[in-house]
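*Asks:* The lines below spell out each chain.
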Amino acid sequence: MTKPDNRPFAIRSYAPEQLREALKRMYLIRRFEEGAEDSYMRGLIHGTMHLSIGQEASAVATCIALTDADRITSTHRGHGHCIAKGADVGRMFAEFFGKETGYCHGRGGSMHIADIKTGNLGANGIVGGGLPIAVGSALSAKRLGKPDVTICFFGDGANNEGAFHEALNMASVWKLPVVFVCENNGYGMSTSTARSTSVKHIAERAASYSMPGVTVDGNDFSAVAEAVHDAVARARAGDGPTLVENLTYRWRGHSKSDRNRYRSREEIEEWMARDPITRFRAELIAHGVLDDAAADAIAAAAVAEMEAGIEFAKAGPAPSPADVTRYVYAEV
Amino acid sequence: MTKPDNRPFAIRSYAPEQLREALKRMYLIRRFEEGAEDSYMRGLIHGTMHLSIGQEASAVATCIALTDADRITSTHRGHGHCIAKGADVGRMFAEFFGKETGYCHGRGGSMHIADIKTGNLGANGIVGGGLPIAVGSALSAKRLGKPDVTICFFGDGANNEGAFHEALNMASVWKLPVVFVCENNGYGMSTSTARSTSVKHIAERAASYSMPGVTVDGNDFSAVAEAVHDAVARARAGDGPTLVENLTYRWRGHSKSDRNRYRSREEIEEWMARDPITRFRAELIAHGVLDDAAADAIAAAAVAEMEAGIEFAKAGPAPSPADVTRYVYAEV
Amino acid sequence: MNAMTQDQGLRTLSYAEAIREAMAIAMEADPTVILMGEDIGVYGGAFQVTLDLVDRFGPDRVMDTPISELGGAGVAVGAALTGLKPIFEFQFSDFAMLAMEQIVNQAAKLRYMLGGEASVPVVFRLPSGSGTGAAAQHSQSIEAWFGHVPGLKVLQPSTPEDAKGMLLAALADSDPVMIFEHKLLYKMKGHVPEGSYLTPIGKALVRRTGTDVTIVAGSIMLHRALEAAETLAGDGISAEVIDLRSIRPIDHETILASVRRTGRLMVVYEGVKAFGVGAEISAMVAESDAFDFLDAPILRLGAADAPVPYNPDLERASVPQVETILAAARRLSRREI
Amino acid sequence: MNAMTQDQGLRTLSYAEAIREAMAIAMEADPTVILMGEDIGVYGGAFQVTLDLVDRFGPDRVMDTPISELGGAGVAVGAALTGLKPIFEFQFSDFAMLAMEQIVNQAAKLRYMLGGEASVPVVFRLPSGSGTGAAAQHSQSIEAWFGHVPGLKVLQPSTPEDAKGMLLAALADSDPVMIFEHKLLYKMKGHVPEGSYLTPIGKALVRRTGTDVTIVAGSIMLHRALEAAETLAGDGISAEVIDLRSIRPIDHETILASVRRTGRLMVVYEGVKAFGVGAEISAMVAESDAFDFLDAPILRLGAADAPVPYNPDLERASVPQVETILAAARRLSRREI
Ligand SMILES: Cc1ncc(C[n+]2csc(CCOP(=O)(O)OP(=O)(O)O)c2C)c(N)n1
Ligand SMILES: Cc1ncc(C[n+]2csc(CCOP(=O)(O)OP(=O)(O)O)c2C)c(N)n1
Ligand SMILES: [Mg+2]
Ligand SMILES: [Mg+2]
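Residue numbers (my numbering), protein chains in the order written: chain A, 1 to 332; chain B, 1001 to 1332; chain C, 2001 to 2337; chain D, 3001 to 3337.
Derived by calculation from the structure, the hints in this document are not laboratory data. A quick note: this is a predicted structure, and the numbers were derived from the prediction, not measured. Don't take every hint at face value.
Stated by the list, open to error - In silico lysine-lysine, DSS-like type, Cα no more than 25 angstroms apart, as pairs:
id	chain 1	residue 1	chain 2	residue 2
1	A	K256	D	K3189
2	B	K1200	A	K175
3	C	K2189	C	K2203
As the list claims (entries may be wrong) - To be clear about the criterion: a stretch of chain D counts as covered by chain C if any three or more of its residues have a C-beta under 8 angstroms from a C-beta of chain C, and this derived list gives those stretches:
id	stretch
4	3104-3113
5	3142-3150
6	3261-3275
7	3320-3333
Ideal placement from N, C-alpha and C gives every residue a C-beta, glycine not left out.
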């Protein structure tokens, strides 16, 4: 009889190389968003943006075991998902700077970044917009006989959209290979789940669709990874969808114009003390996946990658105003 | 110590006069719809219509204890609700015949009949269209400090619309005095609940909105009356919404163009054997509310009322084509 | 209904059959084509357009959806984005209002927002129009809205032949296409070629040549216009009748060429007059060089400024009929600057 | 931005403040007026229009809704049908696409479908337009769609004074009214009278008189047109600038009277050119007797045929700017038949 492996799920399930890459992506998300914020302040980026700082575990642990053929749909708060799925931050910055070298050739910006090659079907400016699209993506996999799973990220606020209900119902009726990952950060813009949502946990709503629903600490990398792993396995086995709810928190305001009149300083600080990156890093060190120096090196690499990304983005050409109607229709 | 009253809920709760009126309305619905069907065959009615024959208990037992100030929102299959709430069949037929004397002055037809005076906010051509409207009506009652309750009728098919989800969530969050009455007749048009809906009983979905959900035999007058009574009491007490699911069956096709390729003869016959009118009549007789002769007299009165209604309708004037844009805007 | 639709020894099908044939051909040829919609399986669709297709292709490819228009359309969009070619039927075009977000915010814009890195080859079929006594929420003609949406293509077949060819063309297109089918045309018969062929998207067609006045009309209004033109000929008024066919893009050239010749233009359409298809065509002509050739104001005949009424006489009065077209055409032909 | 908006010793407010003042006045006067929308309470609305109103009127009358546009709008419709007067804010007009069914199938049609037996006095407020770098799903100008919908009234204030007066007029109206507010105007300051007053619905306003060309424009385009007109005056071109104000109904008389005088018409609007506001106005003129007074084609300046792009230069290029208006007006003034 072998001794049970009591290490956290992620540690016992993934190779050290994968885990280090995951830590790297978490740092990269954090640094990328800080870099974006800084660029925004300097006037290099226009419009608005929604930062996911504080939610990095949810994005990276969800995507850790996915292949490029597995797909995600993302949200307005999608930078983390994008990087977690493997996007290049240079092309992301280029998009923010409105360059032809950006993922959307400067047409989309932060709210529409997609990276089809790594399976990211795109952020979405419409809350809940990605929910049925994810189900359609899962339908494609099933009809085309492919093993690919689709992960649908959405927020606690999105769960009150009719699209949520319609999408989960169809996914269940048709037993499609999709995992609904709710990033419950407690607020849809200024409105707390308590004031907007008639259940305590979004995962309770899974019962309405006869699918498993699980709520996990979304700042605990291993907890997220395990829940998503099980859901993905279920989906790949043809057993249908699952709803995973990651409890997490965004450190920053909803968007650049948030004056933060609806949250207390204490609440924010309490959550900052549960920084998912610090926790994951400590876990990796505790289990010998790396040491402090190696972790610092990873963190430093993330900074370098972020900085190189900004340089790449700055250097890229801007689209020509004459091309304003390009890409509306397929070119024939 | 008094002996517990083991009689069915309706018998012990309502005055004989009310019960006889209820039986009368059930007969009237049946005869009205048969009359409408017949008129349709004769070419007196154009368009289409959705008959609720077989579902009369659900309509009448739901409305038995409501006042005119209590409101309902109805559906495309709304004749029963309309009569149950107290409408005049003459004006209903007049509407079907497209007359100025009809409830909608001939502009609405079967799918839009409303009778604001008796609290019927209207049938609806859009599946699920009435769900948020009912919540709005309940919001009015609450804000205006009135004790009125709103009943929202909808079908099993409608429960898969996003509007269902959004409406129930808001009603619950705001604790509004509304009762959602799902008439589950097993099919949305040709699509069975099994093929369209990821739960067995719609009432299971109440948990997603932290409201009570109860499933009853919708052809059992007393069962419906009791469930709705409790829900209305809860609503009036300020405790918020309830979802009541009446299991029932429509004897006729979905609409006039249904070729019935999705249900078996046996299934239909099985349900016809559970005729809600026959059952309620027998119950009333068994408990001495009336005798056979009195019941026959009620049935005959329903026929007479139906026939008089048709005559009234025929005699009414048609709107003038010159008035085609009348009623688009308020006249000032 | 008129000469054009009469059997001349050629194979005839109804408009509904022609659409069904197009779907069957596409499904045979391409396993990625699927059908989605409410009651399109064993029921055959509210207008029986998909009748028996589920028997031929099975429920995995002829999918009855729950009554979830937003979600259903969104599933079709997501499927189109990832390798399938869905044909999504809205049971009535009116219900597309529930799915505007997926049609307009997602399907129409995805290619652009993604800088050309993705495409959404979805086809939406929308039974449309009045005349069935189904009242205000089941009788609308909302196609003009989609003319206002870059990224979409919007078609309106008026014959069985075009109904088939346009659907096949839509499937061959890599962008989202909306096809508005008129409910009253489903039973109309006409010649339909065998096999696969594509009716070009964005091309209007002169269905009757004339010299005195140009009448642009699509869908069922084409047939009313042709009937009116026949009577006008007896009056000595020679009307050119153009089948619009495509609302987005609009075939400017065919219309302008005709107006340059006739100097008089009338647009007939079933949607509400204000902000309808006629507004765009009129404005397009009025800003073009053909303006200089106009000998009279540009007339629009559209629906009354009201929801579609239930009463059959009101319903009839609310949209252009042969006699309204006739009267307007006579007025227009007499008008001098 | 131009003379009209400059302080002349009179009380000035921003467009957002003017709207807020209108809401506060209405809520003070009428306890049935309530506000509904996403984040309109403590957050003050995405554009801070409802700032602090929740403190004044409490959360029962300033209701944060869940993110449920269809349901939220439907609740407002149901409430309006039964005794309340809700002002429902869509956070961005783009999100109204989720609620088209309740706006168009229900609110707009209920009075008619019920033969006049009910009314739906709801007001929808819709922050609209581009210029904020928010890209394709947060920058649309979809007001033309609602011009196509009988039963609705559709307004577009271009000044703080009108923003207040139109909202009060909308609340005094017993039919559903949609008010498209331009995001770039929220901070614009201008004179706003104290107290309650109603800006008449359906009346355009000549903001600048002229003799050579008529420019019809609404919302932010009015300001661009006025700026262009100022420059044109230097060129010796006298432009009459009409503030459209109301898209449904459109004030035919004011526009036609001007065109009869100038003989030249240009319509400037931010929505996509095809099927936009300009199409309706152009067609209305081209079918009217004013047609005979036209000395040149009718020009439309609308948005490029594309979703609104993110890149700021593309975004700017996608909608009419002062210089585009100038160039077009010069072209138009020189044009002879
Ligand atoms: C349909 C729609 N409604 C409203 C908005 C405006 N909006 C953008 S993000 C947001 C809050 C979303 O909350 P949640 O889903 O919890 O995601 P989070 O921002 O917390 O990540 C709102 C209201 C939108 N973009 N789309
Ligand atoms: C939004 C919308 N989608 C589809 C339809 C067409 N339709 C009318 S009734 C119906 C079935 C409704 O099923 P259910 O809610 O169960 O009511 P039932 O007809 O069984 O009483 C359908 C699909 C519609 N009227 N509205
Ligand atoms: Mg959130
Ligand atoms: Mg049903």
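*Asks:* Work down the list of hints and note, for each, if the structure agrees.
*Replies:* Do the hints match the structure? See the list:
no., hint, result
1, K256/A / K3189/D, "24 angstroms, holds"
2, K1200/B / K175/A, "16 angstroms, holds"
3, K2189/C / K2203/C, "22 angstroms, holds"
4, 3104-3113, "holds (count 6)"
5, 3142-3150, "holds (count 7)"
6, 3261-3275, "holds (count 4)"
7, 3320-3333, "violated (count 0)"
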